[in-house]
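Peer 1: Fit chain B to the supplied structure of chain A, relying on the hints for placement.
Just so you know, the protein sequences line up as chains A and B, in that order. Be aware that the first sequence starts at 1, since it is given in the working numbering, and climbs by one per residue. Be aware that the second sequence starts at 1, since it is given in the working numbering, and climbs by one per residue.
No lab work stands behind these hints, which were simulated from the structure alone. You may find that some hints are simply not true.
Partial selection, computed: residues in chain A whose CB lies under 7 Å from chain B [to be verified]: (1) Phe34; (2) Leu44; (3) Leu46; (4) Lys49; (5) Phe106; (6) Gln108.
Quick caveat, the model's predicted, so the values are computed rather than measured. From the three backbone atoms N, C-alpha and C, an ideal C-beta is built for every residue, glycine too.
Listed here are the chains, written in short residue letters.
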Amino acid sequence: GDSVTQMEGPVTLSEEAFLTINCTYTATGYPSLFWYVQYPGEGLQLLLKATKADDKGSNKGFEATYRKETTSFHLEKGSVQVSDSAVYFCALRILAGGTSYGKLTFGQGTILTVHP
Amino acid sequence: DVKVTQSSRYLVKRTGEKVFLECVQDMDHENMFWYRQDPGLGLRLIYFSYDVKMKEKGDIPEGYSVSREKKERFSLILESASTNQTSMYLCASSLWDLGVPGEGYTFGSGTRLTVV
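Next up, chain A with everything else stripped away, as it sits in the complex (with noise of 0.2 Å):
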């Protein structure tokens, strides 16, 4: 079945670090790839998305690129600050069609902490 595996945590890292969390994927059909990020406390939030390899999501200075070679979707930013603090989840969603109904399948999620 499909499925998603991130780096273990947790990341500790100094504010202005170059931050990566790997993701790999395996997937039965053809996935969209996705980040999302929960800050303690809330909800999950869409951080980026990539629909087709070789697409670069990026947002709030994170990018991600689609590897269909590798089946990645490394998540990386320049310069980490303390308020990027919280839980990052990969995920992947097939198309829809037949009993699929485009679900998210998560990976299990990689704690990052920034100290000052």
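Peer 2: Okay, now just chain B, sitting in the frame of chain A:
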């Protein structure tokens, strides 16, 4: 601003009680979902609904049921609450996307349920 609203942020219930978690969305979305979130396990899909009165089991439906009598409202029911159902419950909604690269979900803020 579009929203998914969960009726309670925190809930404490006793073992054996029947528990209702309510979710309302104002975006006219067809799809609605219930997830539970546990440390180290990420988000796991309990049930989803793609239309009024329609429902499908997710990955962990045991001990839960759902109700969708109106398009905007999706209720999760714990028939007889148990301590292993202590968790964060997240509701989400999305447009029906048959054949179209998927959009993401919009999530509520979550209900942290404690069963004692």
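Peer 1: Which earlier hints turn out false for this structure, listed by number in ascending order?
Peer 2: none
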